[in-house]
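Asker: Protein sequences appear in the order of chains A and B. Going by the numbering used here, the first sequence opens with residue 1, and the numbers climb by one from there. Going by the numbering used here, the second sequence opens with residue 1, and the numbers climb by one from there.
What the hints contain is simulated information worked out from the structure, not anything from laboratory work. The reader is advised that the hints may include incorrect statements.
Since the list gives no way to pick one copy over another, a pair counts as held whenever it fits inside one copy or between any two copies.
[Said to hold, decoys possible] Only pairs whose alpha carbons sit at most 25 angstroms apart, straight line, appear in this in silico BS3-like list of lysine-lysine:
#1 K58 / K207
#2 K118 / K272
#3 K83 / K207
#4 K272 / K83
#5 K49 / K272
#6 K118 / K207
#7 K272 / K63
#8 K83 / K118
#9 K272 / K207
#10 K49 / K83
#11 K58 / K272
#12 K118 / K63
#13 K207 / K63
Protein chains: 2
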Amino acid sequence: MTEAPLTTASHGKIMLVGIGPGSVDHMTQRAREAIAESDTVIGYVTYIKLVADLIEGKEVIRKSMTEELDRAVSALEAARAGKKVALISSGDAGVYGMAGPTYEVLFQAGWTPDDPVKVEIVPGASAINSCAARVGAPLTHDFCAISLSDLLTPWPVIARRLDAVAYADFVVALYNPKSGRRTRQIVEAQRLFLRHRRADTPVAIVKSAYRRRERIEFTTLDRMAECDIGMLTTVLIGNSNTFVRDGLMVTPRGYANKYQMDNDGATRDGEKPGRSLSTGLNGWLEALSEAHAAGDSVATLAERYRLPADYIAATLAEPVEVLAAEPSGEESES
Amino acid sequence: MTEAPLTTASHGKIMLVGIGPGSVDHMTQRAREAIAESDTVIGYVTYIKLVADLIEGKEVIRKSMTEELDRAVSALEAARAGKKVALISSGDAGVYGMAGPTYEVLFQAGWTPDDPVKVEIVPGASAINSCAARVGAPLTHDFCAISLSDLLTPWPVIARRLDAVAYADFVVALYNPKSGRRTRQIVEAQRLFLRHRRADTPVAIVKSAYRRRERIEFTTLDRMAECDIGMLTTVLIGNSNTFVRDGLMVTPRGYANKYQMDNDGATRDGEKPGRSLSTGLNGWLEALSEAHAAGDSVATLAERYRLPADYIAATLAEPVEVLAAEPSGEESES
């Protein structure tokens, strides 16, 4: 959708390139090509070093970490002058990367997609994906990413998010967990998590995944703040089912809810392959209606399922039968 | 850490390969190499088709979508027989992909990392990254991924997560939002989100990003459930700051909290580049202490900042000064 209808030599382009964890092996073909076809490469000095082999002979603009908006302004200036610019982000260009600040600067400058300067975003594996791959399979269930940096975000916003996802049992990746100046944020994150999660919840501290100085440490929630954590670290906190075994951190997908794992994959009583769990939406709606009809109040049901009372009331107000009888398609899932 | 100390021809290997969105351009070099060096390729039929060009002459085992555990068992059998096996996942192998089920099956079979059969996980851009790249820059702030599939997860668990992240203002990607049989889950997700978010919150419906039949639709939270959504769709729900402009969905990083965006990047009163916001952790702790000293109760402060009262009480119990005076390092951030 951001492709140029026609490109001439005089029309510049900004390519927002996510280079993945930093080793050339884990860069996409498009990321390599985008850097290859660029005239100008702009990025944080550390990321520029990671792609040093690919940028010989190009104009290189190195910026410090605080200069995201400057990087975007420089990219626009170069592109307006007809250059093809590769703006380098580590991981994915969209995840706390240069894609957002660049669009903010472009819009501020009156740019629209009809502008001669075209924009392309090249996705890559973000730190959460790279770190997960190095520690096992921690992301097999719902997860989220939270940056602990309060340089642009008020602390109450960050704290509210930590509290919410700790309560709702997400696997959580903490980006920017700690820096020379910011040392208490990780302590506060731990405090908020310990309100909801067991002290022995597995935590992986991953530094520089796939880079020369990679270091992986497994710990637990109650000890996480004491670990060696810095700006190149991602902290992965497991959910209540995550376990560490033989040096691997794994979050079960939930097959044990449906299958007897030690009995040749037979389904549990009341469960069917390719169908929702008996405790899935329709089964739950039926159970809810029955319990309500039998006299359980909305407040009792809200407490039982740890869900808001007005949500319980709203679902009870809709007929279950009609929706459960929806025509079934041919698609199937696990 | 899962590298073999030595590899002989008779020792099998399982490579869990995330192929990215599906176009060869967005596959990593290591993903291509892993497929190239494999003897046997195992995957869901749709994903096998996406890498058809790379698997000529190899044994190919196509499985249906319900057969994740079967795929892992087949991979282990082939690896035990000395084969190099590429287990294909779309996106990232760790995100609702084959990495988790494979480790579950391996552990069940008594496998350990010392086993002759070695395991490698090859990360890739997940659907959240690919879809984000196609719509603009929606992931520039904290985000999470939630699967609406209740085939392995009880609905109350999913509902609790939706409620928590809607409240805490995350950007949210819904995976597996709808299938032939599961049609009400997206309606319930919408209901939960509308309890906390504005009806006009931007939503992007992205189908088959970077594939031949890519389709992108922008809508709003109150209309999202009416859209054409299926198993190849990812639904991206913006946070309270996300906007759509000129066909691009962008979540601001928060530069406007610190800088005067229309005034040559001057900082706002009381803010410094490279330092925490005045409303960051230390500034907030100071404000909290002052307000408490001036007579505001813990309950009042909890309500003001929408944070748990016991968290407010715990932070008030720790001295601010000592922590604010931590030695500052040389690192800097935006």
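Asker: Each of the hints needs a verdict: does it hold here or not?
Answerer: Cross-check of the supplied hints:
With identical chains, the CA atoms of K58 and K207 are never at most 25 angstroms apart, being 30 angstroms at best within one copy and 37 angstroms at best between copies. For a Cα distance limit of 25 angstroms, the shortest separation of K118 from K272 qualifies neither inside one copy, at 50 angstroms, nor across copies, at 33 angstroms. In this assembly of identical chains, K83 and K207 lie within 25 angstroms of each other by CA distance neither inside one copy nor across copies; the values are 35 angstroms within and 32 angstroms between. Taking the shortest Cα distances, K272 and K83 never come within 25 angstroms of each other, neither inside one copy (58 angstroms) nor across copies (33 angstroms).
For the identical chains of this complex, K49 and K272 are neighbours neither inside a copy (52 angstroms) nor across copies (28 angstroms), given an alpha-carbon limit of 25 angstroms. Taking the shortest alpha-carbon separations for K118 and K207, only the inter-copy value of 23 angstroms comes in at or below 25 angstroms, while the best intra-copy value is 35 angstroms. Taking CA atoms no more than 25 angstroms apart as the test, K272 paired with K63 passes between copies only; the shortest distance there is 18 angstroms, against 56 angstroms inside one copy. For the homomeric pair K83 and K118, the shortest alpha-carbon distance inside one copy (11 angstroms) is at most 25 angstroms, but the shortest distance between copies (46 angstroms) is not.
Taking CA atoms no more than 25 angstroms apart as the test, K272 paired with K207 passes in neither setting, with 42 angstroms inside one copy and 28 angstroms between copies. Taking the shortest alpha-carbon separations for K49 and K83, only the intra-copy value of 22 angstroms comes in at or below 25 angstroms, while the best inter-copy value is 37 angstroms. Taking the shortest alpha-carbon separations for K58 and K272, neither the intra-copy value of 59 angstroms nor the inter-copy value of 33 angstroms comes in at or below 25 angstroms. Taking the shortest alpha-carbon separations for K118 and K63, only the intra-copy value of 22 angstroms comes in at or below 25 angstroms, while the best inter-copy value is 41 angstroms.
With identical chains, the CA atoms of K207 and K63 are at most 25 angstroms apart within one copy only, with a shortest distance of 22 angstroms there and 36 angstroms across copies.
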